[in-house]
Amino acid sequence: MSTQFSRRRFLGSSAAAAGGLVVGFHIPFAGALDAQGATAPEINAWVVVKPDDTVVIRIARSEMGQGTLTGLAQLVAEELDCSWSKVTTEYPTPGQNLARNRVWGNFGTGGSRGIRDSQAYVRKGGAAARMLLVQAAANDWNVPPSECTVSEGVITHQTSGRRTTYGKVAEEAAKLTPPTDVPLKDAKDWKIIGKRMARLDTVDKVTGAQIYGMDLKFPGMLNAAIKDCPVFGGTLKSVNADVALKRKGVKKVVRVGDSAVAVVADTWWHAKSALDALTIEWDEGPNAKASSESFAQILKLGLDANDAVVGNSVGDALASIAAAPRTIEAVYSYPHQNHATMEVMNATARWTPSRCEVWTPTQNGEAALAATSEAAGLPLAKCDVYKQLLGGGFGRRGATDWIRQAVLIAKEMPGTPVKLIWSREEDMTHGRYHPITQCKLTAALDAQNNVTALHMRISGQSILASVSPDSIKNGKDPVVFQGLNPPGPEASIGYAIPNLLVDHAMRNPHIPPGFWRGVNLNQNTIYLECFVDEVAHATAQDPLALRRKLITSSPKHLAVLNAVAERVGWDRPAPKDVYRGLAQTMGFGSYVAACAEVSVTDSGELKIHRIVAATDPGYAVNPQQIEAQVEGSFAYGLSAALYGECTVKDGRIEQQNFDSYPVLRMNEMPAVETIVMPSGGFWGGVGEPTIAVAAPAVLNAIFAATGKRIRDIPLKNQSLKKA
Amino acid sequence: MTTLNVNGKAHNIDIEPDTPLLWVLREQLGLTGTKYGCGVAQCGACTVLIDGVPTRSCVRPVSTVKGGEKIVTIEGLSAQGLHLVQEAWIALDVPQCGFCQSGMIMAAAALLKRTPNPTDKDIDEAMTNICRCGTYNRIRAAIKVVAKGGDAKSAGLSIEHVDGGTT
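Just so you know, the sequences run in chain order U and Z. Quick note on my numbering: the first sequence kicks off at 187 and runs consecutively. Quick note on my numbering: the second sequence kicks off at 1455 and runs consecutively.
Everything labelled a hint here was simulated from the structure, so no lab data went into it.
If the Cβ cut is set under 7 Å, some of the chain U residues that face chain Z in the computed set are: (1) Glu529; (2) Gly578; (3) Met855.
Okay, the calculated beta carbon distance ranges per label pair: (4) Z:Pro1570 with U:Gln483: 53 to 63 Å; (5) U:Gln344 with Z:Pro1570: 54 to 64 Å; (6) U:Leu487 with Z:Lys1607: 53 to 63 Å.
These figures come from a predicted structure and were not determined experimentally. Backbone N, C-alpha and C define an ideal beta-carbon position, used for all residues, glycine too.
One chain only, chain Z, in its complex shape:
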C-alpha cells in the first residue's frame, strides 16, 4: 500500500511500486488534468509540484514519492477560486488546444513562487515544456502579467471578455 498526499489529502493506494506517478494520478485518483504527452520526461504535460518542485510525473515511480511529500496537481493549485497564474492565463486567452496548459501552468506557478519577477532568461530556463500550438509568447506575456501583480492590460492584447471587461 502506497500513501500519497495529493492536493492536501492523503490517499492509500494499492499499486505496483514501479507505476509512474502520472498514471496513479490519472487512473487511480481520477485527476485527469495532468496529461500524458511523451512518457519520457520530454514534454512536461505531466508536470506536478512535489513539495513545490515542478516534477515530470511520467517518469517518477510512485514508490519514490514519500508519504510526507506534498503533491499538487492542476486541480489543487488553488485551494479556493483561481490561482493568479490561472487568472492571467484567462485574461490573455493563452490556451489554444489546451492540452499542454496544465503542465505549463504548474511550471509557471513554481517559477513565480521562486522568482516573483522573472527575467526572460529565467522564463526560458524554467519553461521547458512543449506546446505544439505555439502559445509560447502568450505564456511569456502571462507570466509577466502575474509578475506585475495581475495587470493584464500591460500585455496590450485588448481582448474583450464575456463580462464586458477588456484585458
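Isolated chain U, as found in the complex:
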C-alpha cells in the first residue's frame, strides 16, 4: 500500500539529505500500521504483540503535547497486564478506520476528551486482548483459562507451573474468536493507571530526531508558501507573477480557491521569498471596514437586546432583581486571541488522479480525511491522512483550512509531493480565533447581603454557528454556557443562587471563531469569578467565605476550593506586599480551583509569585502529566490574561508575529503548586479546565493588591499604577 511507498522513500531521502548526520530518525508515518504490525499478529484493533513480546498499542487520538498518547497506552496496558517496558505505540490512519468500520472510534482530539471519551473502549480492548492471549496459552496446555494467571505479559498455569509469554502465543491468540463479555479491573487493582509514568515520546524531542509535519522530506518534494486574502471573506482579484517566476527555484504560482495564491518552489525559503515578490490585488469584500471598535459596539447592543436565548434559568431572576433593595452590576469583555501554536500550520500533499495522501499535524484525523477527499475530488476510499505529531494544537488543528489549501496546490502538480508551510504572519492573521464576548452581570442582594438573584447576559460570538451551524437548535449554541450550566456532569455552575438567568445574545462578527484551549469556559469563569469577588468586596465579605456560602449543593466544587485555600494558607496573612485571589470552576468534566499570589509595585508592575491549583478529574491516569498540564494551563491562561489580544482594523487582524502578539515567557512564569485530588467515579479532562481559573485568580489578586477591578483583558492595555 501507499504508506509502504512513502516510508521507504522517506527513509532513503532523509538519510541522504542529512548527509550522515542522522541521529536515529524516528519514522513519523503515524499512519503506517504496517510499520510495526505487518510481521506481528494483531490480537485485536488495539493490540499487536510481536514474537519478542513487544506490545504495540494503537492510539487513535492525536498527541499534541498533552500526554494523551502515554495515558491511553497506560489504560490499554493496565487491562492487558503486559510489561510497561515492552510497550510501543502507533497511530492507525483515518482511512484505515473508515475501511474497518470505525473500529478505533472517534479520532477527534479536543475538549479534553482524549482520555475521558475513549477510556472505556480502550480498556476493553486491552482486557479482551489479554483474554485471547490467555485462552491461546490455555488451549495449548489443554487447561481451562481460569487456571492461568498473567503478570507483565507472562502467563502461568498455576497448578502445573507451566509458563509462556504473550509473544509466544500471539499468533494463535489472533486466530481466536474475541470474547463478548469483557470485565474490567476494579480501580483499586490498577498497577499502571494512576502511576507517574514518564511519557513514551520524550527522547526524540530532546535530540532533534522527532519529525514534525514541517520537517517532512520526500524525494522530488516541492515546497509551497501561501498568502490568503488579509480580510476574511475577501477574494483574490489578480496576481502579477512575472518577477516571482524568474526567481531561483520557483516552479509555479497557483491560485488556491477564491481567496489565496501560493508559490511552489524547490525550497520553502525560495517559495516564501518569491511569494513576497508577487504583486497581488485583493477584493477585500464586504468586511473591509470592520474593526474591533465596530465589533464592540455590536456586542454592547446585545447586552440589552431582546433576542437572547436562555442557557440556564432558576426561579425568576429578572423579577427578583427588579424588586431587590440593592443590586450590583458590572460589564466584562473578552478579546479575540490567536492560538499561536509553536509549529505553524502545514501539510504535505501528494495528488494523482487516482489517489490523494496528506501528511499533517491534525487534531481531527477524520475531518482531515473528509477535507482531503473534498478538495482532491476523490472518494474517501482513495484518500488517506497520516497524522504527524503536533507542534501544539490548542484547538487550532481541529480545523482543516490549511489541508484543503495543500491539496488544491498538490492538485496543480500531479504526482509530486508538495509541502505547504504557512509563515508565522499567515498563521497569526488567518487563525480561528478565541470568540469575543461581553457579559453584563447583575446581582440582587437582600438586606442581609445574601445574593438572591444573578443575571448573566452574554453577548457575542458562537463557535458552533461558524464551525457546525447544523448543531445550532432554536438559535442556541449550548457551548456558549460552559461553566454556567445547571447541575450535572459537564461544565456546571457551582453556585446555588435561588434566582438565576444566564442568556446569550448571539452576535457574530466576520472574524472566524474557533475552539481555543479552554473554549468558552475561559471568559465565563472570568466573568463569574471576578464578579463574585466584586460582590464579596461590595458586601464586605471574605471572597472565600462568600464562595463557600454559595456552593451549597456541589461538594466537588467546594472540595477543590477548600484544598487550594488550605494549601495557600488563606486563613493566614500572605507575605508582605503579596495579595491573593481565588477562582474555581468546573468544565471538561473536571473540577478546578486556583489561588494566585501577586504583588503590584507603586508604578504598576505586576509580579505573579505563586499559584496553588487543585484538580479533581475523577480518575488521574498519570498524575505527573496532569501536573504538567496544569502548569501549562497557567502559561497559556496567563498569556491570555497579560497579553492575549488580536485587534481588527480595516477588516483584518493587525497582529503579525510574536512582537505584536506577545506571550508569557520564562521570567513571568509563576511557581505552580498542583494538587491532584481524584475523587473517583467519573472521568474528567485535564488539558483545559485550569486555563479558565488562571486569569480570574490573578485579576482578583490584583484587585486585592490595588483596588483596581480589571474587567477587560489583556492587562497590557491596563494601568495598575496606584492612584
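Starting from the known structure of chain U, fit chain Z onto it as the hints suggest.
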C-alpha cells in the same frame, strides 16, 4: 559558494547569501531539529550555537557566518550519547509538544557552560525562548538539575521511567 562548519563538519553550499542560516540548516543540510517558529528572532525555536553563543538563526543571513565559525545544532550538541542537558530534560519529562525544545536546550546548554550554577535571574535572562505548552517550570528545574551535577531526584517530581528508575 558558502562554507559552513556545522557540528564539526565543513559543508560547501551553493546558496544565495541573504538566505537565513535556519533555512540552510533545514533545507540544504537536512538538519530539521532546528525549528522555524517566527522568522523574526522572537521565539528562539531556531536557536543554534555559533562559537558557543546562542544565536537565532532565522534572522542570520548565511553570508555573515564566517567559514571558521563553529555552528552547533541540536543534532550535534553531544558528540557521543546525550548531553547532560538532554539527560536532565529526559529525567524530568520536560517536553510537551516538544517543538520549542531544541531551541530551549541549546539556550540552556550555552547558559550552563557560561554559568555552571545559574541563579533564577540568570535563567530568566538567558532563557527568553517561547514555549506555548508552558514547560517553563520544568525547564527551570531541569537546568538546576544539571547545575547539581545531574541529581534529578532533587526536582522532586517522582517520575517513573520505563527502565524502572525513578527521578
